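Undergrad: Residue numbers for the sequence shown follow this note's numbering, so the first one is 2 and each next one is one higher.
Hints are computed from structural coordinates only; laboratory data are not their basis.
Source: prediction; values computed, not measured.
Ideal placement from N, C-alpha and C gives every residue a C-beta, glycine not left out.
Some hints here could point you the wrong way.
Said to hold, decoys possible - Label-pair ranges, simulated between beta-carbon atoms: (1) E182 with K46: 44 to 52 Å; (2) L375 with R5: 18 to 26 Å; (3) E182 with F294: 24 to 32 Å; (4) G50 with R5: 46 to 54 Å; (5) G283 with K102: 19 to 27 Å; (6) G283 with S43: 21 to 29 Å.
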Amino acid sequence: MKYRIDWKLAGLKENPFTISPPTDSEQAIWAGLNVIKDEFYSVFKETKGSAPTQVVLCRGDFGGGKTHASLFFSSKKNIPDTSPSVQDIEIFRVQTPTGTKDPVRDFYLDIMEQIGLEKIGEMVNKTVGSVGPDVFKRTLRQKMVSGDFVNALLELGNSPLYPTHNPLLSPYFLGNCSNTELRKLGLNRNIEKTQDYFRVLAGVFQCFIGLSESNDVAEHNRFCLWIDEMENFIYFTPPQYRPFGQGLRELVDRLPYFFTLFMNFTLTAPEGYEEIELILGGYLTDRITQDIFFNEMKNQEEMMRYVSDVLSNYRTPEEPKTPYSPFTEEALGTLMANLQQRTPRNINKRCHRVLMIAFEKGIFEKGKDPAITLDFIREMDQEELDKEIG
2 MKYRIDWKLA GLKENPFTIS PPTDSEQAIW AGLNVIKDEF YSVFKETKGS APTQVVLCRG
62 DFGGGKTHAS LFFSSKKNIP DTSPSVQDIE IFRVQTPTGT KDPVRDFYLD IMEQIGLEKI
122 GEMVNKTVGS VGPDVFKRTL RQKMVSGDFV NALLELGNSP LYPTHNPLLS PYFLGNCSNT
182 ELRKLGLNRN IEKTQDYFRV LAGVFQCFIG LSESNDVAEH NRFCLWIDEM ENFIYFTPPQ
242 YRPFGQGLRE LVDRLPYFFT LFMNFTLTAP EGYEEIELIL GGYLTDRITQ DIFFNEMKNQ
302 EEMMRYVSDV LSNYRTPEEP KTPYSPFTEE ALGTLMANLQ QRTPRNINKR CHRVLMIAFE
362 KGIFEKGKDP AITLDFIREM DQEELDKEIG
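Please model the complete structure; the sequences and the hints are all you need to start from.
TA: Printed below as a string of structure tokens:
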């Protein structure tokens, strides 16, 4: 059966109940979940206004909003102002590697490629220009241990025409150089061990943070690394995930100031925290400074507020209707009443399902306002409502 989907007929700009977050952080909206939002505001006020490193654990049910939070707060417009404040804040989102025999190396490559060697080189060049090569070498040697890694970063900063200027830098940072290529670079070793990857990342992040010896926030930037879907490590063997946890701990310890690590975990079992500790190791969980738990919405009132907030962001300007239009309040209340898991994802799925059925039955074509009434909801059986909920 063919039917027309015209969101304007429903008084909406487009589908408000998407299942996956948008790819552009500027398009992300926040709906409901005010307690969680306030917790993040508190974290980011500390992020911008203080020096010590933060380790933030974000955990909760599947579909609870953790990935969406990482996207929403990746947009600087959504981060609260504070004074005094760091000069700038950089937030890089990365997913936990899957389907790989070497998750540590893939994690390193994902970050380096996402930032881009050209941007890293520009930041190195800017940092050297600010503090001078001697301070750069001395400070970065403490972070990276190996003089070769420091010299390679310096060369990257001296190569503004990368990769034309020195084409060997790309295989050095992202691949592996032969002995002949190492000699041409004037280096003795490759980046190939677990600790090497995290030490290089520490050096790169420090360049973004800045090398001022003062802890005055106004003289530094804050670098935030947000790792999503860390529960995927349960599919790896201990020899694979233990080095990762150890590497993250080393990263945190080598960057004691102006670094924030966010870790998203979906583990819903009562022993969930024990599983997290097993993956990360107590040496990293002991460094957690904030624990944000994405609980299910507690009651119907919270769910209704969430739906109202979503709809308000997608309603067309000429539709000053009720907060729940195109639903009546009674229809929406009934729709939310027996939802098993009260997560944003499941609410989105159920509301999306009802809107599609309304389009299929031509409800919006009839010009009735609001279109989705209690009687309309009662005509649908539970199986039809939950068709998209897994």
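Undergrad: Are any of the numbered hints broken by this structure? If so, which, sorted upward?
TA: Violated: hint 3 alone.
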